Amino acid sequence: EAGVAQSPRYKIIEKRQSVAFWCNPISGHATLYWYQQILGQGPKLLIQFQNNGVVDDSQLPKDRFSAERLKGVDSTLKIQPAKLEDSAVYLCASTVLAGVNEQFFGPGTRLTVL
Amino acid sequence: GENVEQHPSTLSVQEGDSAVIKCTYSDSASNYFPWYKQELGKRPQLIIDIRSNVGEKKDQRIAVTLNKTAKHFSLHITETQPEDSAVYFCAASKNDYKLSFGAGTTVTVRA
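Chains as they are written, first to last, in the working numbering: chain A, 1 to 114; chain B, 1001 to 1111.
What the hints contain is simulated information worked out from the structure, not anything from laboratory work. Note that the coordinates shown come from a computational prediction; the quantities given were computed from them, not determined experimentally. Accuracy of the hints is not assured; some may be wrong.
[To be verified] Derived pair list, reagent style DSSO-like, types lysine-lysine, alpha-carbon separation capped at 27 Å:
#1 A:Lys78 with B:Lys1042
#2 A:Lys15 with A:Lys78
#3 B:Lys1042 with A:Lys11
One chain only, chain A, in its complex shape (with noise of 0.2 Å):
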């Protein structure tokens, strides 16, 4: 089957630009999550969407960050305006059900802002 699809792979942009990227998940997943996984470090759920209903985005900076799965299918991740620190891989995964097993990454998309 085909994996999470992410684009773009790479990003360069300058601080309080704007930002955004792009997650497919795997066909008939219907839980879509997005991390943050800063160099050195875990990845860090910033939200959660079931369907197209948002579950949790308790660690997302909602001041500059946002998120969308209008259709329960594909999902944009926002940030306006990017800070230094927003440098990061952003991986999206997906999941059957949440509470099902696995969770699948895409290949994330790697932010510099300078």
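Fit chain B to the supplied structure of chain A, relying on the hints for placement.
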């Protein structure tokens, strides 16, 4: 929230030797403990997981043990090979919802 600590941060082993990575968690309600392997520049991939109703699980050269009383779990890799070189992350969650990851262990297998 859940706090997962992972040790060591780096581990260098001779090919053929064993490698052990240990994690502790803070939330006694956590009941699902996966381990992910992340090769340089690649996505994390699940290599083994264990649930709280099991004390040990093995898959070929990889095994995971869980001590619920002490709130710690460990990954054991036997007969290490160069392709085992990667960053390994432990994680914990309640009912497979939000995964809280450790900081990772960089394993280097010396030929």
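So which hints don't hold here, by number, going up? No hint contradicted; all consistent.
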